[in-house]
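Trainee: Spelled out, the chains give:
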Amino acid sequence: MAKVLIWDAPVRVGHWLLVGAFALAWATSESEEWRLMHAVAGGVMIGVILFRLLWGFVGTRHARFASFVRGPQAAFAYVRGLLRGEASQYAGHNAAGGWAILALLALGLMTGASGWLVYQDMGGEWLEEAHELLANGLLAVAALHVAGVVASSLAHRENLVRAMLTGFKSGRPEEAIASARPWAIPLLLVSAAAAAWLLTR
Amino acid sequence: MKSVIFLLAGSLAMSAQAAMPAELLGGYAAAAGAGFKADAARGAAFYAKAFGVSAKMPSCASCHTDSPSQPGRHVVTDKAIKPLAPAANPERFSDPAKVEKWFKRNCSEVVGRECTAAEKADFIAFVTGGR
Numbered sequence: 001m002a003k004v005l006i007w008d009a010p011v012r013v014g015h016w017l018l019v020g021a022f023a024l025a026w027a028t029s030e031s032e033e034w035r036l037m038h039a040v041a042g043g044v045m046i047g048v049i050l051f052r053l054l055w056g057f058v059g060t061r062h063a064r065f066a067s068f069v070r071g072p073q074a075a076f077a078y079v080r081g082l083l084r085g086e087a088s089q090y091a092g093h094n095a096a097g098g099w100a101i102l103a104l105l106a107l108g109l110m111t112g113a114s115g116w117l118v119y120q121d122m123g124g125e126w127l128e129e130a131h132e133l134l135a136n137g138l139l140a141v142a143a144l145h146v147a148g149v150v151a152s153s154l155a156h157r158e159n160l161v162r163a164m165l166t167g168f169k170s171g172r173p174e175e176a177i178a179s180a181r182p183w184a185i186p187l188l189l190v191s192a193a194a195a196a197w198l199l200t201r
Numbered sequence: 202m203k204s205v206i207f208l209l210a211g212s213l214a215m216s217a218q219a220a221m222p223a224e225l226l227g228g229y230a231a232a233a234g235a236g237f238k239a240d241a242a243r244g245a246a247f248y249a250k251a252f253g254v255s256a257k258m259p260s261c262a263s264c265h266t267d268s269p270s271q272p273g274r275h276v277v278t279d280k281a282i283k284p285l286a287p288a289a290n291p292e293r294f295s296d297p298a299k300v301e302k303w304f305k306r307n308c309s310e311v312v313g314r315e316c317t318a319a320e321k322a323d324f325i326a327f328v329t330g331g332r
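Chains A and B supply the protein sequences, listed in that same order.
Numbering follows our numbering, in which position 155 of the first sequence is assigned residue number 155; successive positions increment by one, without gaps.
Take any residue in the second sequence, note its place counting from 1, add 201, and you have its number in our numbering.
Calculated directly from the structure, the hints in this document are not laboratory data.
Glycine included, every Cβ here is placed at the ideal spot set by N, Cα and C.
Incorrect hints may have been included.
Unchecked claim - Label pairs and their in silico Cβ distance ranges: (1) Trp126(A) x Gly313(B): 55 to 63 Å; (2) Val146(A) x Arg274(B): 36 to 44 Å; (3) Lys305(B) x Leu165(A): 14 to 22 Å.
As the list claims (entries may be wrong) - Here are some chain B residues pointing at chain A (derived, C-beta under 7 Å): (4) Val254; (5) Ser255; (6) Ser295; (7) Lys299; (8) Glu310; (9) Arg314.
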């Protein structure tokens, strides 16, 4: 199969922004000296996720929720196929990966929101505990997501990490998106910066 | 109705668990060894000491001000911090897990290591304004 354009630019930039911001937030989580940086990283995550939720409705084909959210049966069938070494190949997110995306977005948003409440000194000790629990959950799903990416990359003999960098992935010509829509990158960055600024005031 | 009863039972259990600052102090003092006696003056010196580990927050007082009964201000985020002294803020030193968590966080960053049980006992003696 030929390499065709699957992931648009905002999806890719947003993905790596989330990876970087979560890593930064994790690294600074035990420090008061880095508390502002920690909150900025959380704000960036919220800004990117809110943009991504909107992009899930107005973005390019494979970025839309309607194109990759499938039933649980399809997800289990994909995983079973993967374990047997005969997984069906998807142009965009596979049926199991789609659920990982939803879980990552939901956990990321909840982790960020609970962190913001803690930062504003609202809620009590229980909210700090909830924030840590959510962050641990986010890390666990991210690890699962990475494991899935590695497994699928091996099964389909395709470097899916590179696909998230270049946007190009195996697919039929009619599955390609017409444009990477780079013009939406500034909107994504404004969303991330605005959230980081507003949420750390 | 059932959930209300559970909530009531839960909050009763929580208040029963809530340790008074004196009990916490006693626990740390006991852990510090036989013959140890918590000393508020030693705690005050510890509180004010510039450890020089962190440039932005060299001492406890950097954020908590010179007096634990005053509201503090986070030197990095500029957010208000409620007073440390239980007399000004009864929530303080009422939850052993929370106390341990914050000693661990703040000691490692300000003192550069975990605080000893003796240091914690002296610290609580100082902030409670007690003996």
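Trainee: Now, for every hint given, state plainly whether the structure supports it.
Mentor: These are the hints, each one checked on the structure:
The hinted range of 55 to 63 Å is not satisfied by Trp126(A) and Gly313(B), whose Cβ atoms lie roughly 30 Å apart. The hinted range of 36 to 44 Å is satisfied by Val146(A) and Arg274(B), whose Cβ atoms lie roughly 40 Å apart. At about 39 Å, the CB distance of Lys305(B) to Leu165(A) disagrees with the hint of 14 to 22 Å. At its closest, the beta carbon of Val254(B) sits 10 Å from a beta carbon of chain A; the interface hint therefore is violated under the 7 Å criterion.
For Ser255(B), the interface hint holds, the least distance from its beta-carbon to any beta-carbon of chain A being 6 Å, beneath 7 Å. Taking 7 Å as the C-beta contact cut-off toward chain A, the hint placing Ser295(B) at the interface is violated, the least distance being around 10 Å. Here the hint on Lys299(B) is kept, as its CB sits about 5 Å from the closest CB of chain A, short of 7 Å. About 6 Å separates the beta-carbon of Glu310(B) from the nearest beta-carbon of chain A, less than 7 Å, and the hint is met.
A distance limit of 7 Å between C-beta atoms decides the matter here; for Arg314(B) the minimum to chain A is near 14 Å, and the interface restraint is violated.
Taken one by one, the earlier hints fail for this structure at numbers 1, 3, 4, 6, 9, listed in ascending order.
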